[in-house]
Each structure stands twice: as C-alpha cells, then as structure tokens.
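Mind docking chain L on chain Y? Use the hints.
Protein sequences, first through last, are from chains Y and L.
The numbering of the first sequence is the numbering used here, which starts it at 1 and goes up by one.
The numbering of the second sequence is the numbering used here, which starts it at 1 and goes up by one.
Nothing false has been slipped in among the hints.
Restricting the straight-line Cα-Cα distance to at most 30 Å, the calculated cross-link-like pairs of lysine-lysine (DSBU-like) are:
hint, chain 1, residue 1, chain 2, residue 2
1, L, K119, Y, K564
2, Y, K553, Y, K564
3, Y, K297, Y, K545
4, Y, K564, L, K121
5, Y, K107, Y, K454
6, Y, K545, Y, K564
7, Y, K449, Y, K297
8, Y, K31, Y, K454
9, L, K119, Y, K553
10, Y, K107, Y, K449
11, Y, K553, L, K121
12, Y, K449, Y, K545
Just so you know, the hints here were simulated from the structure itself, not pulled from any lab data.
What follows is the residue order along each chain.
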Amino acid sequence: MISDQDLGITLIAIAPFLAAALAPFIHRFTKGHSGWVLAIIPASIFIYLLGFVEQIARGEVVNAGFDWVPSYGLRLSFYLDGLSVTFALLISGIGTFIILYSGAYLKGHVHQGRFLAFMLMFMGSMLGLVLSDNLVSLFVFWELTAITSFLLIGFDHVREASRRAAIQALVITGLGGLALLAAIVLLRQFTGQWDMSAMFGWSDAIKEGGMYLPILLLVIFAAFTKSAQFPFHFWLPNAMEAPTPVSAYLHSATMVKAGVYLLARFNPVLGDTFEWSLILQVFGGFTLLWGAAMAMKQTDLKQMLAQTTIASLGLLVLLIGIGTEVAITAAVLYLVSHAFYKGALFMVAGSVDHSTGTRDIGELGGLWRAMPLTFAAAAIGVAGMAGVPATVAFMAKEEMYAILELSSISDLFTNWTTTLAIVVMILGNAMMMAVGLSMLFKVFFGEMKTTPLKPHEGSLSIWIGALVLGGFSIWAGTQLYYFTNTILIPVASSIAGYGVEASLYIKFSMLTTLPFALSTLTWILGVVIFLAIADIRAIMRSFAKNLGWSFDKIFDWLIFGLIKLSARLTDFLHHGRLEIYLYVVFVGFALALILPLFGNFALPTMPPIETISFYEGGIFAMALVGLAAVVMAKTRLVAIVSLGIQGFAVALIFMLFGAPDLGFTQFMVETLSVVILALVMTRLHLDQRDFRAPMEIIRDGGLALIVGVGVTLVMFSVLQTTLDTRLSDFFTLTSVPLAHGSNIVNVILVDYRGLDTLGEISVVLAAGIAIIALIRIRSGGPQTGSGILKKITGGRRKKTAMANKTSKTSKVAKASKSTRAVSSRKASPAKSKASVEKGRKPA
Amino acid sequence: MIEFYMAPLIGVFFTVAVYLILSRAVIQMLLGITILGNGVNLLIFTLGRITREVPPIVPQGLKQPLQDIANPLPQALILTAIVIGFALFTFLLILGYRAYQELDADDTNNMRLAEPTGKTKPPLSY
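So that you can see chain Y by itself, here it is in the shape it has in the complex (with noise of 0.2 Å):
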C-alpha cells in the first residue's frame, strides 16, 4: 500500500530534482526573480518537515518508501528520526535562503539557470542521502552530492584552477563513495539487510564479527574525505573556487556534514568500541588543529572560513569519537549551531565580496557604515564563533567541556585522554574565534579603505539569509527548553542509540562550574591570539614557503603520475603498427584453438582409411597449388588468378558433395572478385611483392601454422562427436507439407529465414551505397595528408598524378592565406580535377 505519507517523503528527495529539470525555463521566463520562485520548493519542504517534528520529538521514528527491486528485497526506504529530521530541516531551512541569495548572487550571469538547477539536484541528493533507510539508495544520493558538488564547484569552467579544484574534490569523495560501497555490501553480506534500520540490532554480532575492522575502516575513509578530515582535508579550501552560494551552502552546511552524519548514523552499529574511538578522536583532534591553525594563516575572507570548517569537522568527529552523552549531547549543539553561523558568515563573506570586489581582509576595513545589515550578521556569525553566550555556540562550548568530570585534581591524569581532548577542544576554539575577531574587525572596523568597487548593502535576497540565519542562532540559544525537547534529545537520543536525557539552562550559578571556566579561559587565549594574528601568520607563512610541499603538490604529482603512465600504455598498446595488433589478435585465437585440446582431449582415433576417388583427390589437389601460388606468386597479377584457382577449386567441393546452389555461388563470386579485383589493381602502382624479412616470415608463416594445426585438430575433435540433426530434419521433413517448396535450401533461405536474407540483401545493399560514396567522394585528401606520403623506394612507382593533386592542393591552401589567394583558388579546382582524370587511365 501507498500511503500519502509515503508520497510525499519520497517527494521530498525527488521534488528538487524535478524543480531542477524545470530551473533552465523557470529562469527564463521570470529573468532576475527566479530565485525566488525557485526558493518555493525548498521552503515547502521545509514546512512540511515541521509536521513531523512533533511526533519525532516524542520519540516515535516514521519508516516510508516504495518496493524498488523486490526480487532482492530493496526498497526505495526512507527513515525519519531525530537525526534526519534535524539535517533535513537544515538542508531545507538553508537552502531556502541560499537558493534566494544564488538568485541576487549571480544576478545577469549567463548560466544562472544552470546554476539554480545544479543547486537543486544538489538539495535533493543531500536530503536524500539524510533520510534514506535503504543503504544503496544511501550511496546513490551519497555520490549524487559528490557529482553535483563537482558541477558546482567547476561552475566556472573556464578558469583552470576551477577545473582542478572540482576534479580534486570529486577524486577524493569518489574514493571515500567507493569505500562505502564496500562497506555496504559487507554489512549486507554479514546482516542479510539492505535498510540501515535493520542494522541496529546487528550490532553486537557485527562487532564480534571477523568483518568488523574492514567494515569500520571502510565507513570511516568514506567520511573522513567526504567531511575533509586530515589528510583528505586538502579539497575543500580549493573548493572555494565555487560561486559562494555553492561554498555557503555545500562547504559549510551541508555536504561536507555527510560525512559527519554517516559517523552519527553508524554510531549505535558500529561505535562504542576501541578501535572507533580511538581513530575518531585522533584524526578528528588532529583536524581541529591543524585546520584552525590553518586558518589564522589565511587573509581570503573564504580560505579562512573554509580552514575553520575543517577544524570544525575535526572537532564534531572528535566529539562523536568520545562518545559518551554529553560529547554526543555537545556534538549536536555544535553541528546546530556551526550550521547557523557559518552559512551566516560565508554568505556574509560573499556579500562582501560582491558589494566591494575583493574578500582580502587586508584590503578591507570600516565597512560597518556601508553594509550596517551585513555587518550585524557577521556580528552574530562570528559571537557564534566565538561561543558568546546567548548563541546557542555558548551551550555547544559548555556542554563539550562538561565531558570533563573533575572531582579531584588526580583525575587529570587518570583519565588523560579527556583532558588532552579538553586541551586540544580549547586551543581550536581560541584560534577559530581568533580568526573570527580578525575577520570582525579587519573587515568591519577601522578605516575605510578603497576597494575595487564602491562598498553598498546588497538587495534583501543578499542579507536576509544570513540575517535569519543568525536570528535562528540566537533563536536556539535563548528558547532553551523548546530547543532541547525538539531537537537535541531526539537528534542526540539517534546518534547513541539509546534515550538520552539533556537539559540546558542559564543562571547564574553556571558562572561558578569548571565548563564555565574552561569557556572564559577559551576567550582569552583567542583575544590573545586575535593580537598576535599577524605575526603568527607572517611567520607560518615563511615556514610554508620554505616547506617546499604541501597535499595539493602531492595529488598533483599523483593525478600528472597517473596521466603520464596512461600515456605509456598507450604508447604501448596503440603503437600503430597493425600488423602487430592482427598479430596479437592470431595469437589469442591460435590460444583459443589449443589450449582447450590439452584439457580433454586426446589426439582423435585415427579415422578409419578411405579412399578417396581420383577426382576428389584432384581437387583437393587444385585447391592446395592455388594455395600455394597465391603466397609465392612473383608478382600481384598471378597472386590474383592463383586465388581464383582456389576459390574455384571450392566450388567444384560444393559441387561434388550435394551443394550444387553453393557452387554455382562460389563460381560466380569467385569469376566476379578475380575481374574486379585485376581491374583495380591494373589502377594501382604497387609493389609486385609482398616483403618480409626472412625473421618475419617465420615469425607470421609459425603462427599461421599454429593456427592451421589448431584448426585441424579442433575439427578432428567436433567430427568426432555426434551431429545433432533435430534441426535439419525438421527443415527436411517439413519443406514441401508446410513451405509447399522442394528445394530445401531455397525453402530455408527465403521462407524460414526469410528475415534473415532480407537482412542479408541490406548488408550487400550498404556495401554498394558505401562504394559509391567511396568512389564519388573526393575530398582532395586529408588536411594532415600530405605529411605522410609513402617513402619512394627503388622499384616502386613514380609519383603518380594523384600525389601530385595533393600536394598541389596543399599548395593552395598555403597559397590562399597570400593576396592572391583568390585567382590561383578558382584556378587549381579545374587543374586538380584534370590531374585526377589523367591519374585515372592505367598507366
């Protein structure tokens, strides 16, 4: 059954898609505004996700979707818990907003509509990839994100580094796609399921199972490059070549997220482990790390939002990795509100960029007074960055310190991963909220400086986004209660598996708690940092210069290794020689011939003696020295009769063993191809003999034997068996009852398998048309083609006139590109074709 719930969550996934197919002509027709009306889908689904929020956060789950191959039993399923609710909600929410702000964004660019299109099919894959229950559906919208992410970032395909940027990401998430299609099929092989629901009660057997460390591994690379974690972190601060809708919306948001959400999803199967825990935490840590310092390196408005999304990812792994409830409590908090304020800021960033021409913070300053909406959003991005209290960044940043459960000073050291997780969380939260500060206020503050363009506020599409965005964070940061009981329970309550309880509150009494502590020594290590930024940078850049490598030299030397050795191998198989490749091509069918014969076969009984009559022999006879003429004929004339003589020596075969319809055939045929073959060749000046060298002739003359004994022998062993004649007699049997035609072969050809002739009859039919075309046709030869005229050896022919007409033309084509190109233009026509009739009688 087909309920209407069913319809409309597929609707969903498949609803932007349609849009997109539509986006083009919606485009076209509503010019500067189709951003907004292209922004209805994603708002709708938006509100229709609301509906379930009520029933999720009570706790329930909604299972939906249509059989899609039931002969193996998967469905098209999709899975609506708190986890997937959340990430569709912010996939909708956002790109409601970003599909608005795409609209004002590349407003009067050519392919804008190519662009909304490509943002929808983006939006349905991502929320398709978040609500799918079946695992093949799951990889199916994994890899659409990654394909369409790679449309989006190549947007601007005529820049190279755009196109390098977007082949990049694609490798290094197609790799991580095909890693989870391994683990796919392992987890169906060990479970028998295809729907991840159906995995939950596996976990235990899948972990005391022998595939667990293959399965874990393979999830794990899939989310690392797909959520840019060290060392695939690389691609995505070159994904910055993409328009910045696509860097606020996929590269923040949203698709880098999926990697975290496979980690989130998978958690209740295959985390709570060693082994998981450990690389979690490790990579995730060492992401943090590396790509807030990263950050504090960059002055591109982008490039230091795109490093502090990779220490932001870094620290959501760190935090699933940990594991228990308060990390995963955080973790959720964190995803949330990371959500809200860095689409809020990249798209304050691209505003910036739009309105002033340049996103160099060094070339920016005091633009509070010219963009004052901009500006407040970047306030409220960046307070999120910080953790400033009132966004709901503060409770993220409280609730993750809260892991550390001191009750005496000892158990630092005792449980000394937590506190090196509390270190490492605090030092990444001190640099991003450094980088924060330094965007605030390089940007916003301070002097105006002259930018290529004059500072103005955008249009509304440009500053709501980011407006509402950060409305929302602090929506989340003050509404504690209705935020807790919708939201976090429920998405946290997925990722452990089990119910978890949370409560958040703000008093006064918080001010005296060590998460409290932690927070504020948080902000003054990034104050600190915020003063010292320029140093810090200055002297990370020289090391980096002098460092002489860096990720994306070594994809480089990979990608331009791997292009290098295809190029090789190329070389190598297509060397163009086609004697050589007829060579191989023998080489396999004489394998094909002998080496079954060693299997089964034993060298056939000899046949019984039988004599054969003197004309049968005579034959035989006839066939064999026209054979053999045709190989050692001197010159080409002879070779052609002699291959008469055999051809003709075939039909007497026909003829004397009750095939007089083939050897009238083969007679005709063969008298046909001896004529037109010695007509053509009489126009031809060739070599009269067919060189090798002597080591050749023995090279092709012993495969040519192999292939000869091979086929003797193949055919010793089939005559041995039985012929199954069930088909020739039927054909004997019925020929006059039923096709009223005493001529069996007659009767086959054009009544049984009258089809079959008249496919025949076509084929003859289109060798003649193809003739004709060959012989009318005369282009006057290729434009390359008088570059490799045949090297004139002794005993060959003279030019003949058609080489003459080559080089003639090739003259004139030289000749044309001169003044008086045209005079000598209308003459050569007549010369040429004058030439070609002279070429045309036999020498």
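Relative to the frame of chain Y, chain L by itself:
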C-alpha cells in the same frame, strides 16, 4: 569419412589466410581475408557432415526425400556467407583503393593518420 580429409585441407586454408593477413600490404591482406572466408565456409560445410552427390532436394511429387540427403542447414548458412563475403570483399577493395589514393600508401605502416608516429604527449593540466 571424407571429412577427415577435408579437415587438414581447411587447416591449409587457414594457414595461408593468416599468413597473408599478417602482411603489411593491403592487397595481400585482402587476398587473405577472401581465403579465410572460403576456409570458414568449408569448415561449416564439413562440420555439417558431408554426403556425396545427393543435393537436399525433395523429388517432384513427394513430401519427403526418399534417401539420405546432404544436410541443408549448413548450405543455407554458407549461401548467405558467400554473398556477404563478396560484399565485404568489394567494400574492402574499394576502401583500400581509396586509401591508396588519399594517403598514397598501400603499406599499413605508412597509414598513420589515426595513430601518428611519435610518443603521445600526456595533457598535464586540468
């Protein structure tokens, strides 16, 4: 069994055909293809078993042949094959002829339009 005499003969057809096809001269290859066609036709004919001198024809007025007749099925196949083989032969011949006119070469080593000599230059950019 006459078939056991035919098998080696067909082997010779194949040997000669392969040897000719491995040549660098286009005309030589064409001769080889024709001979290969004949060899294959004979192979099909022989594997359908040979009956001497009784064509697969039902005598006038009868519904079925009185005696054993030659196997009609391979003959039908070969009849088609001969005609198609002829079409192929003429087409290849004209193709070779035109290639000779346009490229001025009948040695396949000099026909390098599609695969020029020299190393492939790998495109080292994105």
